[in-house]
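Peer 1: Chain residues, written in single-letter form:
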Amino acid sequence: MSRLFWLLVAILVAIAAHAATVLFLPRMVMSARMEEVAKAASGANRFAILDADAAARLAGRPLKHMLYGACLVEPAGGAVEMKVAIPAGYWSLTVHSSSGAIIHTLNDRHADGGRLNIVFTAPRQEGEGAILAPRMRQGVLVVPMQGGRALAVLRAHVSHPGLRQRMRRDLAATSCRFRPAAPS
Amino acid sequence: MNGMVKLLLVVVAGLAAGWFSALHLGSSPAFSGLRQLGAWRILPLTGGAESSPYARLAFFSRGELPPSHFNRLDFIATTDDSGAPLRGACAYRLEIRHQPVRWWALSVYPAADSGVAAALSEISSMTAQPGARATQVVLSALAMPGNWLPAGQGRLELRLRLFGASMLARNALLKAAPARIIRGECH
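Protein sequence lines, in the order shown, are assigned to chains Z and C.
Counting from 1, one number per residue, gives the positions in the first sequence under the working numbering.
Counting from 1, one number per residue, gives the positions in the second sequence under the working numbering.
So that you can see chain Z by itself, here it is in the shape it has in the complex (with noise of 0.2 Å):
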């Protein structure tokens, strides 16, 4: 009786264990990740160009072939707005949740040439009921939040050694920045 009760215990730690490994581990990840791109670009809500060893620290194992930037996202009382700087050649974008999920991701399929606008909305501005998907609304991509951080990392393929700093010049043009909830 007595074997049977701490084995049962041992099962409920177990599982208790076993979830909390699953949901919260991500969680830390990224929590870990986040503060890492904010500190590399000076807040949130700001983008950063990321040296190698930042590259390494967000990405795990990065590719020398890629030139890694990211933002912080935090609309909390209004939107962030993302003016992406498309660079020549293969690009992708991943925006990841707090709980590590990807939320959205584009590539150069899917805009090519010049500027990609992006607006990243805070859960309550889409009103009760609002579908959460992203969509075009006036040529902006408008992608409604679930939780109150988001991680955007943007990866640019550098084709040529000789090409990197070029890309990074280019590539620097990207802002994110927080824009304030129209009074209502």
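These are calculated hints, taken from the structure and not from any lab test.
Where a beta carbon is used, it is the ideal one built from N, C-alpha and C, also for glycine.
Keep in mind that a hint or two might mislead.
Claimed, not checked - Pairwise CB distance ranges, derived in the manner of DEER restraints: (1) Z:Q138 / C:G152: 47 to 53 Å; (2) Z:A172 / C:L142: 36 to 42 Å; (3) C:H98 / Z:A16: 45 to 51 Å; (4) Z:G43 / C:H187: 50 to 56 Å; (5) C:I182 / Z:A19: 42 to 48 Å; (6) Z:G148 / C:M144: 48 to 54 Å; (7) C:C186 / Z:M28: 37 to 43 Å; (8) Z:R3 / C:R170: 49 to 55 Å; (9) C:A13 / Z:D170: 51 to 57 Å; (10) Z:A88 / C:R155: 37 to 43 Å; (11) C:T78 / Z:L23: 26 to 32 Å; (12) C:Q153 / Z:A19: 37 to 43 Å; (13) C:S166 / Z:Q138: 27 to 33 Å; (14) Z:R3 / C:I182: 50 to 56 Å.
Since the structure of chain Z is already known, use the hints to place chain C on it.
Peer 2: Okay, now just chain C, sitting in the frame of chain Z:
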């Protein structure tokens, strides 16, 4: 045995079992969608409606952000085609099938279960011979003619990342090994 000591032992055992079982399911095909294709393995269910929390956990537990399979497919190999671990002391010939993708990159890292790591070396499709059915790459510590991927010391991990595959191509890419890894001489 004292009740408190017994409780402590049971809690520690339960915590360890819960932790390891969660990580273990990250390498279970049924839970994480892991696919083993020859020496290569891939976790394609990291994003989208079919995404698996265990697949994402497998990346996060190594300190990596999970890739969107929509943009990128990450194949990982830590053994050669015969199943022997990849070692810096050996030379390997890789035959990378021509892929219906925008570009690919092959990187070699020190094999480790976790932690960030810079690539020891890297080669990309920019170096592929146009018109060839496969790209030949040699992974070795000693310099080799052709597409040479310098290897480091100790156990190694290879990553083949395919970028910009269409949805149709993606399904086909998840059915066959993307490359052969044939061991040559060891010293």
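Peer 1: Indicate, hint by hint, whether the structure satisfies it.
Peer 2: Status of the hints after comparison with the structure:
1. Z:Q138 / C:G152: 47 to 53 Å: With Cβ atoms ~52 Å apart, the hint holds.
2. Z:A172 / C:L142: 36 to 42 Å: holds, 40 Å
3. C:H98 / Z:A16: 45 to 51 Å: holds, 49 Å
4. Z:G43 / C:H187: 50 to 56 Å: Because 52 Å falls inside the window, the suggested range holds.
5. C:I182 / Z:A19: 42 to 48 Å: Cβ of C:I182 to Cβ of Z:A19: about 43 Å, so the range 42 to 48 Å holds.
6. Z:G148 / C:M144: 48 to 54 Å: Taking Cβ atoms as reference, Z:G148 and C:M144 lie about 52 Å apart, which means the hint holds.
7. C:C186 / Z:M28: 37 to 43 Å: With a Cβ separation near 40 Å, C:C186 and Z:M28 satisfy 37 to 43 Å, so the hint holds.
8. Z:R3 / C:R170: 49 to 55 Å: holds, 51 Å
9. C:A13 / Z:D170: 51 to 57 Å: holds, 56 Å
10. Z:A88 / C:R155: 37 to 43 Å: holds, 38 Å
11. C:T78 / Z:L23: 26 to 32 Å: With a Cβ separation near 28 Å, C:T78 and Z:L23 satisfy 26 to 32 Å, so the hint holds.
12. C:Q153 / Z:A19: 37 to 43 Å: For Z:A19 against C:Q153, whose Cβ atoms are near 40 Å apart, the range 37 to 43 Å holds.
13. C:S166 / Z:Q138: 27 to 33 Å: holds, 29 Å
14. Z:R3 / C:I182: 50 to 56 Å: holds, 53 Å
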